[in-house]
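Respectively, the protein sequence lines represent chains A and B. Be aware that the first sequence starts at 1, since it is given in this note's numbering, and climbs by one per residue. Be aware that the second sequence starts at 1, since it is given in this note's numbering, and climbs by one per residue.
A couple of the hints might just be wrong.
Since copy identity is lost for identical chains, a pair holds within one copy or between any two.
Below 27 Å or equal to it, Euclidean Cα-Cα: the simulated DSS-like pairs (lysine-lysine) are [claimed, not checked]:
1) LYS113 with LYS134
2) LYS148 with LYS113
3) LYS134 with LYS6
4) LYS31 with LYS6
5) LYS148 with LYS6
6) LYS148 with LYS95
7) LYS95 with LYS113
8) LYS113 with LYS31
9) LYS95 with LYS134
10) LYS148 with LYS31
11) LYS95 with LYS31
12) LYS31 with LYS134
13) LYS113 with LYS6
Hint data in this document are derived by calculation from the structure and do not stem from the laboratory.
Protein chains: 2
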Amino acid sequence: MSQTIKYYWEDMPIGFTRDLGHIVPSAQEIKEFARQFDPQPFHLDEEAARQSVFGGLCASGWHTCAMAMKLTVENLLLQTSSMGSPGLEGLRWQKPVFPGDTLQLHYTITDSKALRSRPDIGMVRARWDMFNQKGERVLEMDGWGMFKRRAAATP
Amino acid sequence: MSQTIKYYWEDMPIGFTRDLGHIVPSAQEIKEFARQFDPQPFHLDEEAARQSVFGGLCASGWHTCAMAMKLTVENLLLQTSSMGSPGLEGLRWQKPVFPGDTLQLHYTITDSKALRSRPDIGMVRARWDMFNQKGERVLEMDGWGMFKRRAAATP
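Just chain A, with the same shape it has in the complex:
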């Protein structure tokens, strides 16, 4: 569980951008997530999904978010002083995610601010864009992260 912190708040300025890698969900993973958390027919059953608006079995939007989080944690947050997130300003599920899709995630910091109330912590606002193998954006998120500062602000 020990980790080396490479990036503190100061090391992640506006414009900081990262390719966070890719993930390929299987039909079994899509159905398993849906059974636990989103048991709608189009996430559970191929035949029901074919007759739905999506045209085929597709991942729960929350599964897509969870996959984006996995890539963000493994390829960025574990190297940072991350202290969690207060939330998102927006989220768009723009295209369905199908089994076997290769989902590529990009991350860009769009804003950064020190916290007046906590001189040891800073906030960054970031944008996540996830694309499938056709170049279509499937997910867009705009949210905040809290990071420990390398050095606490002096008054």
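Model the placement of chain B on the given structure of chain A, informed by the hints.
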């Protein structure tokens, strides 16, 4: 997989509100979700979590969202003409969720609009509020849902 549709778009006006029941995550479920999707120390390991800002093992924010979705699907969406969601306008993780917390979910429709481009579909904007057993709000979401209309609009 067959289901009876009780609520179409017309049946869910502004002010429509529902208690969507409750869920109690276990430590094992919290760690299992984290292993798959959010492997940060404070979601995986009691000792690391005690030393973190959260003070104890707590659920991934995405796990909390997924639990809210489970309650929404089982206690509302499966009785509706739901056709998925384009996204959220905002999301706040306001308090950590700990093992054994009883999480109660409330749902209120705050806006409703017909779609000019699709006379057979309507949109509703809703607010989800999830509270723990102390009455603290742990999650707040503001998002859209698409529902088939009982009768398509006539021009």
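Homomeric proximity label, LYS113 with LYS31: Cα distance no greater than 27 Å
neither (40 Å within a copy, 32 Å between copies)
Can you tell me if LYS95 and LYS113 fall within 27 Å by alpha carbon in one copy, between copies, both or neither?
between (32 Å within a copy, 22 Å between copies)
Is it within a copy, between copies, both, or neither that the alpha carbon of LYS148 lies no farther than 27 Å from that of LYS95?
Cα proximity of LYS148 and LYS95: across copies only (19 Å, versus 35 Å in one copy).
What label fits LYS113 with LYS134 when the C-alpha limit is 27 Å: within, between, both, or neither?
neither (36 Å within a copy, 32 Å between copies)
Quick one: LYS95 to LYS31, C-alpha cut-off 27 Å, is that within a copy, between copies, both, or neither?
within (18 Å within a copy, 30 Å between copies)
Intra- versus inter-subunit Cα pairing at 27 Å for LYS148 with LYS113:
Classified as within: same-chain Cα gap 12 Å, cross-chain 43 Å, threshold 27 Å.
With identical chains, the pair LYS134 and LYS6 could be close in the same copy or across copies; at 27 Å between alpha carbons, which is it: within, between, both, or neither?
neither (33 Å within a copy, 38 Å between copies)
At most 27 Å between CA atoms: does that hold for LYS31 and LYS134 within a copy, between copies, both, or neither?
within (23 Å within a copy, 34 Å between copies)
How would you classify LYS148 and LYS6 at a CA-CA limit of 27 Å: within, between, both, or neither?
within (12 Å within a copy, 49 Å between copies)
Given identical chains, is LYS95 near LYS134, meaning Cα to Cα at most 27 Å, within a copy, between copies, both, or neither?
within (11 Å within a copy, 38 Å between copies)
I want to check one pair: LYS31 and LYS6. Are their C-alpha atoms no more than 27 Å apart within a copy, between two copies, both, or neither?
between (37 Å within a copy, 25 Å between copies)
Up to 27 Å CA-CA - LYS6 versus LYS113, copy category
Within one copy only: 19 Å inside, 48 Å across.
Comparing the model with each earlier hint shows violations of hints 1, 3 and 8; every other hint is respected.
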